[in-house]
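Q: If you want the building blocks of each chain, they are given just below.
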Amino acid sequence: LAKTTQPISMDSYEGQEVNITCSHNNIATNDYITWYQQFPSQGPRFIIQGYKTKVTNEVASLFIPADRKSSTLSLPRVSLSDTAVYYCLVVRYSSASKIIFGSGTRLSIRP
Amino acid sequence: KAGVTQTPRYLIKTRGQQVTLSCSPISGHRSVSWYQQTPGQGLQFLFEYFSETQRNKGNFPGRFSGRQFSNSRSEMNVSTLELGDSALYLCASSLEGHSNQPQHFGDGTRLSIL
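Chains A and B are the protein sequences, given in the same order. Each residue of the first sequence is one higher than the one before, starting from 21 at the first, in the working numbering. Each residue of the second sequence is one higher than the one before, starting from 11 at the first, in the working numbering.
No lab work stands behind these hints, which were simulated from the structure alone. Ideal Cβ placement from N, Cα and C applies to all residues, glycine included. Treat the hints loosely; a few may be bogus.
[What the hints assert, rightly or not] Computed from the model, here is a short list of chain B residues facing chain A with C-beta under 10 angstroms:
hint, residue
1, 12
2, 14
3, 26
4, 43
5, 47
6, 48
7, 53
8, 101
9, 113
10, 114
11, 116
12, 122
Taking the hints into account, I'd like the entire structure generated from these sequences.
A: Following this line, the structure appears as structure tokens:
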């Protein structure tokens with residue numbers, strides 16, 4: 021599975037748009053890009069998943085360029101409650117549900 | 011629809027003891043995976059069960075074992091506990107266990123070893 025690299029931490033302010041970029045240079049054809057969010061003492065929560073171009077849901081957008089070697093999670097108009105750790109993962113469609121988590125990005129939102 | 015339920019939420023044990031943790035997946039989900047989370051090592055995959063069979067396993071010693079029942083509920087057992095086993099143990103379920111299906115996590119069992 022492709023290794024991912026993302027910033028260790030980021031800071032932003034309430035109301036701003038936050039973009040977290042993840043690089044996955046060795047992504048394979050069958051791989052999908054998935055993002056999870058985790059609050060302290062809680063399990064990770066699925067945010068969004070994509071294969072190419074752009075995916076949008078009610079909480080975030082995911083931008084994936086044509087070469088798929090990187091992706092950007094975009095959180096519009098963040099609030100204090102978006103302070104959390106965000107994990108970028110590359111997952112492969114297979115019968116095995118083994119997910120490799122990286123170190124994640126610790127996002128801190130200030131008032 | 012109820013989420014993934016893990017019991018107990020907190021547990022304190024001493025070295026050498028054994029422990030059993032329980033996980034009830036979302037109704038209809040057949041795949042259950044277990045993870046260990048520590049400040050030093052982050053989130054690490056332990057194993058995955060599907061239809062009562064262990065389908066995938068991480069790099070943990072044999073002291074860590076699990077099983078899945080016919081109703082998809084799963085248990086994880088750790089024998090001969092060591093101080094380093096102190097961690098948050100997370101269970102996740104998904105429909106069929108394919109890696110591109112979102113996994114739904116419980117809030118974990120925090121195990122402390124004295």
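Q: Against which earlier hints does the structure fall short, listed by number upward?
A: 1, 3, 6, 12
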